[in-house]
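Note that the sequence shown ends on residue 316 in the working numbering; no numbers are left out.
In case anyone wonders, no lab produced these hints; they're calculated from the structure. Please note: incorrect hints may appear among the correct ones.
[Claimed, not checked] Pairwise CB distance ranges (calculated): (1) Arg58 x Asp170: 44 to 52 angstroms; (2) Lys86 x Ala22: 20 to 28 angstroms; (3) Pro44 x Tyr222: 42 to 50 angstroms; (4) Val201 x Ser133: 31 to 39 angstroms; (5) Leu140 x Leu205: 36 to 44 angstroms; (6) Asp170 x Ile61: 42 to 50 angstroms; (7) Val201 x Pro44: 27 to 35 angstroms; (8) Met90 x Val225: 27 to 35 angstroms; (9) Tyr222 x Asp281: 53 to 61 angstroms; (10) Ala38 x Leu238: 18 to 26 angstroms.
[As the list claims (entries may be wrong)] No more than 30 angstroms apart at the CA atoms, straight line, and that leaves these computed lysine-lysine pairs for BS3-like: (11) Lys54 x Lys172; (12) Lys250 x Lys272; (13) Lys74 x Lys86; (14) Lys74 x Lys250; (15) Lys250 x Lys80; (16) Lys86 x Lys272; (17) Lys80 x Lys13; (18) Lys272 x Lys54; (19) Lys172 x Lys74; (20) Lys86 x Lys116; (21) Lys54 x Lys13; (22) Lys272 x Lys74; (23) Lys17 x Lys54; (24) Lys172 x Lys86; (25) Lys250 x Lys86; (26) Lys80 x Lys308; (27) Lys172 x Lys272.
Don't be surprised by glycine CBs; every beta carbon is placed ideally from N, CA and C.
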Amino acid sequence: MAGKRKDSPVAGKRDLKRQILARWQLYLLLLLPLIYIAVFAYVPMGGLVIAFKKYNVRQGIWGSAWVGLDNFVKFFTSYKFPIIMKNTLMISLYSLAVSFPIPIIFALLLNAMLGKRYKKAIQTITYVPYFISTVVMVGLIFQVLNNRSGIYGSLYTMFTNRTAPNILADGKLFKHIYVWSGVWQSTGYSAIIYIAALAGVDQSLHEAAEIDGASRFQRLLYIDVPTILPTASIMLILAVGNIMNVGFEKVLLMQNNLNLNYSEIISTYVYKVGLASGINDFSLSTAISMFNSVINFILLMIANWGSKKLSGNGIF
Numbered sequence: 001m002a003g004k005r006k007d008s009p010v011a012g013k014r015d016l017k018r019q020i021l022a023r024w025q026l027y028l029l030l031l032l033p034l035i036y037i038a039v040f041a042y043v044p045m046g047g048l049v050i051a052f053k054k055y056n057v058r059q060g061i062w063g064s065a066w067v068g069l070d071n072f073v074k075f076f077t078s079y080k081f082p083i084i085m086k087n088t089l090m091i092s093l094y095s096l097a098v099s100f101p102i103p104i105i106f107a108l109l110l111n112a113m114l115g116k117r118y119k120k121a122i123q124t125i126t127y128v129p130y131f132i133s134t135v136v137m138v139g140l141i142f143q144v145l146n147n148r149s150g151i152y153g154s155l156y157t158m159f160t161n162r163t164a165p166n167i168l169a170d171g172k173l174f175k176h177i178y179v180w181s182g183v184w185q186s187t188g189y190s191a192i193i194y195i196a197a198l199a200g201v202d203q204s205l206h207e208a209a210e211i212d213g214a215s216r217f218q219r220l221l222y223i224d225v226p227t228i229l230p231t232a233s234i235m236l237i238l239a240v241g242n243i244m245n246v247g248f249e250k251v252l253l254m255q256n257n258l259n260l261n262y263s264e265i266i267s268t269y270v271y272k273v274g275l276a277s278g279i280n281d282f283s284l285s286t287a288i289s290m291f292n293s294v295i296n297f298i299l300l301m302i303a304n305w306g307s308k309k310l311s312g313n314g315i316f
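Generate coordinates for the entire structure from the input sequences, incorporating the hints supplied.
So this is what it looks like as structure tokens:
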């Protein structure tokens, strides 16, 4: 009987209350980020109803006329829809295919180096570009790749005695410039989590493998790679779930009239429809953003399911 009373819901609530009161400082600290998330993440979700209305500022969100799925149909039937979706998917998939494996390879190679001094120097040098702001980063791209005064233009003229082609105005090259400049900027930072995982590898495994005659490549393949595989699978799930969210600021700053058909993506189109154009169609921009979020959520669920099936690792 005493055991039943102890395990009763009332006793459980009393124990929980006692634990909370004993650690009230920790819960007070936890309250601040919870309030922040509630105010800036959950409360604004009420505004999603605009996507199903013809929003009018005077009438407000709840007073505006209900139009159902008209805003979604307007976007899907727009002549820009296939262009925007194609650009978004191409840039996102290209970026994922390049930016995801390179930090893993870099971390594995850096971990295999013998000189600690060189390892720290290389890690620091590759880590620094991450702290360059997007505006400065795009400015550097324009300066380096300028066909007349940039390093690219100067070297081209030096070897050919001709003016270099303007690659910044070539829409077909936009995705390459965007992706590989991002690789240069983020590889060192993205590799940190894999370097940390590799630091936890039991060195006795390497010693035993070395005694058995395993080469350095074999030890990397059969000890290091399985160690970071769970971390890599989680990072891949998160990357796939964010595949439709291409970097808005960088794309917008790199856009011009000559590459617009290759650089217009969902996030920049939402900005132009909702704020930058004279129409300011808040309902349409909200509908497009909602569509984008739903696609991301579906991809996240699929990636998580696939990862759990293949490796047994998932985020939920």
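Quick rundown of the hints versus the structure:
A beta carbon spacing of about 46 angstroms between Arg58 and Asp170 agrees with the range 44 to 52 angstroms that was offered as a hint. A C-beta distance of roughly 57 angstroms is found between Lys86 and Ala22, which places it outside the suggested range of 20 to 28 angstroms. The hinted window of 42 to 50 angstroms between Pro44 and Tyr222 holds, with their beta carbons roughly 48 angstroms apart. The supplied range of 31 to 39 angstroms is met by Val201 and Ser133, whose beta-carbon atoms lie about 35 angstroms from each other.
In this structure the supplied range 36 to 44 angstroms holds for Leu140 paired with Leu205, their Cβ-Cβ distance being about 42 angstroms. The hint said 42 to 50 angstroms for the Cβ distance between Asp170 and Ile61, and at roughly 43 angstroms that hint holds. Taking the beta carbon of each, Val201 and Pro44 are about 43 angstroms apart, not inside 27 to 35 angstroms as hinted. Checked against the hint of 27 to 35 angstroms, the pair Met90 and Val225 passes, with Cβ atoms roughly 29 angstroms apart.
Range check, Tyr222 to Asp281: Cβ separation about 56 angstroms, and the 53 to 61 angstroms hint holds. With their beta carbons about 23 angstroms apart, Ala38 and Leu238 fall inside the hinted range of 18 to 26 angstroms. Using a Cα cut-off of 30 angstroms, the hinted pair Lys54 and Lys172 is violated, with the two alpha carbons roughly 37 angstroms apart. Under the criterion of a C-alpha separation no larger than 30 angstroms, the hint pairing Lys250 with Lys272 is consistent with the structure, at around 15 angstroms.
Annotation: proposed proximity of Lys74 to Lys86 holds, straight-line Cα distance about 18 angstroms (limit 30 angstroms). Between Lys74 and Lys250 the CA atoms are separated by roughly 27 angstroms; this keeps the pair inside 30 angstroms, and the hint holds. For the hint linking Lys250 to Lys80, the alpha-carbon distance of about 21 angstroms falls within 30 angstroms, and the restraint holds. Annotation: proposed proximity of Lys86 to Lys272 holds, straight-line Cα distance about 18 angstroms (limit 30 angstroms).
For the hint linking Lys80 to Lys13, the alpha-carbon distance of about 56 angstroms lies beyond 30 angstroms, and the restraint is violated. A distance of roughly 18 angstroms separates the Cα atoms of Lys272 and Lys54; the hinted pair therefore holds under the 30 angstroms criterion. Taken as a hint, the Lys172 and Lys74 pair is honoured in the structure, with Cα atoms around 28 angstroms apart against an allowance of 30 angstroms. Restraint check for Lys86 and Lys116: not satisfied, since their Cα atoms lie roughly 45 angstroms apart, outside the 30 angstroms limit.
Our distance criterion of 30 angstroms between C-alpha atoms is broken by Lys54 and Lys13, whose separation comes to about 48 angstroms. Between Lys272 and Lys74 the CA atoms are separated by roughly 16 angstroms; this keeps the pair inside 30 angstroms, and the hint holds. A hinted pair counts as satisfied when its Cα atoms are at most 30 angstroms apart, and Lys17 with Lys54 does not qualify at roughly 48 angstroms. About 13 angstroms separates the Cα atoms of Lys172 and Lys86, which keeps this hinted pair within 30 angstroms; it holds.
In summary, the hint linking Lys250 to Lys86 is supported, as the alpha carbons are separated by about 18 angstroms, within the 30 angstroms threshold. Distance check on the hinted pair: Lys80 and Lys308 sit about 37 angstroms apart at the alpha-carbon level, beyond 30 angstroms; violated. At most 30 angstroms may separate the alpha-carbon atoms for a hinted pair to count; Lys172 and Lys272 meet this at roughly 22 angstroms.
This entry does not satisfy hints 2, 7, 11, 17, 20, 21, 23 and 26, going by the numbered hints stated previously.
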